[in-house]
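**Q** For reference, the chains in residue letters:
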Amino acid sequence: MLLVVGPFLATVIRSLLYWDGDGAALSLQNFAALFSDPRFYQAVGNTALCGVGATIISCILGFSLAWVVSRTDMPGRRSFEILNLVPFFLSPYVGAISWIYLAAPNSGILQTFLAGTLGTSIQLPLIYSIGGVTWVLSLFYTPYVYLFVIAPMRQMDGALEDAARVHGASFWYTLRHITIPLLLPALLSSALVVFVTSAGLFDVPLAMAAPKGIRTMPTEIFSLVQYPSDLGRAASFGVVVMSVTVLLTLLQRRFLDRRRFETVTGKGYRPRPIVLRPLGRAAALGLEIVYIGSGVVLPVVALLMVSFSSIWTGQLRPATMTLRNYEYVAFGYRLTQQAILNSLYLALVGATLGVGLAVLQAYYLNRGNRKGRTIVDLILSLPLGIPGIILGLGFLILAIRTPLYSTLSIILIAYIARFFPFATRTVAAMLLAINPELEQSARASGASWLQTMRYVLVPLLLPAIIAAWLMLFVIFIRELGATILLYAQGTETISVVLVILSEHGSTYVAALAIIQLVMLLGAFLLFRATRASLVQA
Amino acid sequence: MKGTFAPAFLSIFTALGIAVDAAAQELPALQGAAPEEKARVLQLVEDAKKEGGLTYWDVVIQPETNDKLSAQFREYYGLPASFKVNYQLSSTANLVTRVEQEIGADRVTIDVAAIGSPTWVFGRVNKGDVLAYASPQYRHYASTFERGMGKDGFFAFNGAYLFVPMWDSERTTFNGKSWKDVFGAVPAGRMSIGDATKSVTYLDTYAGLRKVLDLEYFKKLAESKPPFLLRSEQIAGRLVSGEDLMAFTGMPTRAYQYNQKGAKLKFMLPEEGVVLLPQSMFILKKAPHPNAAKLWIDFMLSERGQEALVRGEALISGRAGFKSPLPEYAPSMDSLKIIKIDWESVSTAELQKMREEWTRVFNP
Numbered sequence: 001m002l003l004v005v006g007p008f009l010a011t012v013i014r015s016l017l018y019w020d021g022d023g024a025a026l027s028l029q030n031f032a033a034l035f036s037d038p039r040f041y042q043a044v045g046n047t048a049l050c051g052v053g054a055t056i057i058s059c060i061l062g063f064s065l066a067w068v069v070s071r072t073d074m075p076g077r078r079s080f081e082i083l084n085l086v087p088f089f090l091s092p093y094v095g096a097i098s099w100i101y102l103a104a105p106n107s108g109i110l111q112t113f114l115a116g117t118l119g120t121s122i123q124l125p126l127i128y129s130i131g132g133v134t135w136v137l138s139l140f141y142t143p144y145v146y147l148f149v150i151a152p153m154r155q156m157d158g159a160l161e162d163a164a165r166v167h168g169a170s171f172w173y174t175l176r177h178i179t180i181p182l183l184l185p186a187l188l189s190s191a192l193v194v195f196v197t198s199a200g201l202f203d204v205p206l207a208m209a210a211p212k213g214i215r216t217m218p219t220e221i222f223s224l225v226q227y228p229s230d231l232g233r234a235a236s237f238g239v240v241v242m243s244v245t246v247l248l249t250l251l252q253r254r255f256l257d258r259r260r261f262e263t264v265t266g267k268g269y270r271p272r273p274i275v276l277r278p279l280g281r282a283a284a285l286g287l288e289i290v291y292i293g294s295g296v297v298l299p300v301v302a303l304l305m306v307s308f309s310s311i312w313t314g315q316l317r318p319a320t321m322t323l324r325n326y327e328y329v330a331f332g333y334r335l336t337q338q339a340i341l342n343s344l345y346l347a348l349v350g351a352t353l354g355v356g357l358a359v360l361q362a363y364y365l366n367r368g369n370r371k372g373r374t375i376v377d378l379i380l381s382l383p384l385g386i387p388g389i390i391l392g393l394g395f396l397i398l399a400i401r402t403p404l405y406s407t408l409s410i411i412l413i414a415y416i417a418r419f420f421p422f423a424t425r426t427v428a429a430m431l432l433a434i435n436p437e438l439e440q441s442a443r444a445s446g447a448s449w450l451q452t453m454r455y456v457l458v459p460l461l462l463p464a465i466i467a468a469w470l471m472l473f474v475i476f477i478r479e480l481g482a483t484i485l486l487y488a489q490g491t492e493t494i495s496v497v498l499v500i501l502s503e504h505g506s507t508y509v510a511a512l513a514i515i516q517l518v519m520l521l522g523a524f525l526l527f528r529a530t531r532a533s534l535v536q537a
Numbered sequence: 538m539k540g541t542f543a544p545a546f547l548s549i550f551t552a553l554g555i556a557v558d559a560a561a562q563e564l565p566a567l568q569g570a571a572p573e574e575k576a577r578v579l580q581l582v583e584d585a586k587k588e589g590g591l592t593y594w595d596v597v598i599q600p601e602t603n604d605k606l607s608a609q610f611r612e613y614y615g616l617p618a619s620f621k622v623n624y625q626l627s628s629t630a631n632l633v634t635r636v637e638q639e640i641g642a643d644r645v646t647i648d649v650a651a652i653g654s655p656t657w658v659f660g661r662v663n664k665g666d667v668l669a670y671a672s673p674q675y676r677h678y679a680s681t682f683e684r685g686m687g688k689d690g691f692f693a694f695n696g697a698y699l700f701v702p703m704w705d706s707e708r709t710t711f712n713g714k715s716w717k718d719v720f721g722a723v724p725a726g727r728m729s730i731g732d733a734t735k736s737v738t739y740l741d742t743y744a745g746l747r748k749v750l751d752l753e754y755f756k757k758l759a760e761s762k763p764p765f766l767l768r769s770e771q772i773a774g775r776l777v778s779g780e781d782l783m784a785f786t787g788m789p790t791r792a793y794q795y796n797q798k799g800a801k802l803k804f805m806l807p808e809e810g811v812v813l814l815p816q817s818m819f820i821l822k823k824a825p826h827p828n829a830a831k832l833w834i835d836f837m838l839s840e841r842g843q844e845a846l847v848r849g850e851a852l853i854s855g856r857a858g859f860k861s862p863l864p865e866y867a868p869s870m871d872s873l874k875i876i877k878i879d880w881e882s883v884s885t886a887e888l889q890k891m892r893e894e895w896t897r898v899f900n901p
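In order, the protein sequence lines correspond to chains L and P. Position 251 (the first sequence) corresponds to 251 in this note's numbering; numbering is contiguous. Plus 537 on top of the position in the second sequence (first one is 1) and you've got this note's numbering.
So that you can see chain L by itself, here it is in the shape it has in the complex (with noise of 0.2 Å):
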């Protein structure tokens, strides 16, 4: 609690001190000077049409994608399984950089080969617009909710949708009426995540609105942070946020409050999958072939091609080909090595600490005490809401005059006050699906509270830990927002050797992106192997 309330607080009270030639003073000026400018208005409308968009196409994809490769039949599910979770590891702003490369109006790759080799006069949608950072965002966000939604979908039983069928329910109405209302609270975590994470990303909409000069709510508090900067309405703004974010937490809760949603119990079952018809295998296969092309084929291509050129002047060729971009940024940029030691250590421990945290919390917020866990629930998903510079400006007052300045721990305790609701939400998803009687049959018959955890509640959660741990484990690795003010000389990561890189020369973030993706790659590969071996056991 003492993570969260602390930034949150130290946010509030930076928004409610104005400073004016006496000094400072406890004052609404900062809100007032917000809410009378229209181009707050215009950045909220902006931020929450792509926050709205890519929640509503992420949470579509997500399902869809999940459902097709857990409960179908589709020809290469297994391989679609790891391949939809690719362009989780490329983090937005890599996304959004290669969708530039690929999409520019004047230079894109795509827009070439349109024009150059196929000889049309066809224009690609504007990628410098809404639509274009919803687009990314939307393609980079759907892993997020395939993760939260895949583990109770798979647990689900397929007996509470054959009864539906068997009396007489077509498969539409099967979906709408019996699958989608059981795994709606797993689509609502994912929904929130997905909304809240997406609207407060700075970078996407830096690379892609605002060179259009479309104003977004967090590159108006980039803005507001720079030198002459106006801190007092960066903060308020960042309340305005927070307060939002408090708010559908609650709607949320209230939704799920008045209903059920336990897929799983006692009781033995086998998921079976689906038999598709051939147009349901084609269109299946159709749409796995869209996502992978446009959220890993296509970028990965386009960062490929332009990592291996000196400079970028909008197609590969021979006399500008060169391996010295990897060359550099692997072996002759110091920074490299300790960038990756530095964000391989926050993420495996931070992972870690955030998942206990996680399973802690969200057992006490299905289990515990009726009265108290709204209103815990609500304080540690504060963090959700905060946008990352902000709450990094938050934990650095907080931090800046104790030994943690300057020192890998303190990102890492951000790291975890941040992200670890989001672990919380996949566990407690998977959580509400599980039948108390489960746990009360094991108590019932003579099992104590922590031998009915390790062997009832734990394996049956284990999917969604490993799911939980996976997601912090990537976004950790590539997470900037929070880290860019609390870094210091020797705690840089990798997102901050990409920013400080991408003041150097395109080509070389595009190799340093290459290298992390296959870093994640590997890792998640390994995660795979250790993943069948826990399962098994």
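In silico PhoX-like cross-links for lysine-lysine, where the CA-CA straight-line distance does not exceed 25 Å:
hint	chain 1	residue 1	chain 2	residue 2
1	P	K757	L	K212
2	P	K860	P	K877
3	L	K212	P	K890
4	P	K874	P	K803
5	L	K212	P	K762
6	P	K575	P	K586
Hints in this document: simulated from the structure, not taken from any laboratory.
Starting from the known structure of chain L, arrange chain P on it as the hints suggest.
**A** Same frame as chain L, now just chain P:
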């Protein structure tokens, strides 16, 4: 006893004298220096060795240039290879934020910072956050102090840069000589501009240009619907890829770096004048390695340091009598028509007002 000690002491002192003299002869930093200066530098070198390293932050110097500068710095003062030069390339905004945080928290880890925002540095000097240090090199920078681009006894600039119209000559033919010639040079939407809401250096440039170009000029410029960009590297990169055909605020340093790799970027120095952004370099008052920091300042402002810096970054030197090795990209200050700005008297409130004006005109 006396008879035995005297020759021994004599031989020790002689040996020490020879050693000091030999060291003085070996160190490039001491060549031609007066005895008092030699003694001062040697003392600083000894103290710097004890400190073991220094940390400097900069917003322009690239890693390759830093490697060369660091190696030359060690050689210049005879510092061991174990002496660490910790360097951080940062954005202007991040550097400002970081320095202010460290000063505010009384936890200073940065020794030297260099940033193209003299107004801000003057502000820090006035608040007493900058270490007073009368570098012997400052006498070569007297004219820049007179122009208000530094403060004697506190800071000078290691190099200056500017933002001017730039284009890729393989895609665009442009022979303009004035800021006004950019109108109609390329189709609407194909000339980028630096985003002054997010960068103080573009804001400073706008504030300076407003002295020679009226508001109507910028309103007309806004009608050409320029893309708003943040990073100078991105601005140059978009010219090379053909995404933009011209940049209103291109950086000659980037043209130099891209052209080294085969690009054909060109830029003009408009007849109305240019805004020179001096990379003001200063030592923080509570720097953890003040002696090494003083040596760094001396080295960077020396003829040798300037030569390495200009060759690497195509920055404009402020050192009197310095002959630029890259006159095409980094001409001498005297050859430039510089728009006069009284950096010391510009207040934060004025900058905020200017940012508001820019925002109203361009509506980004």
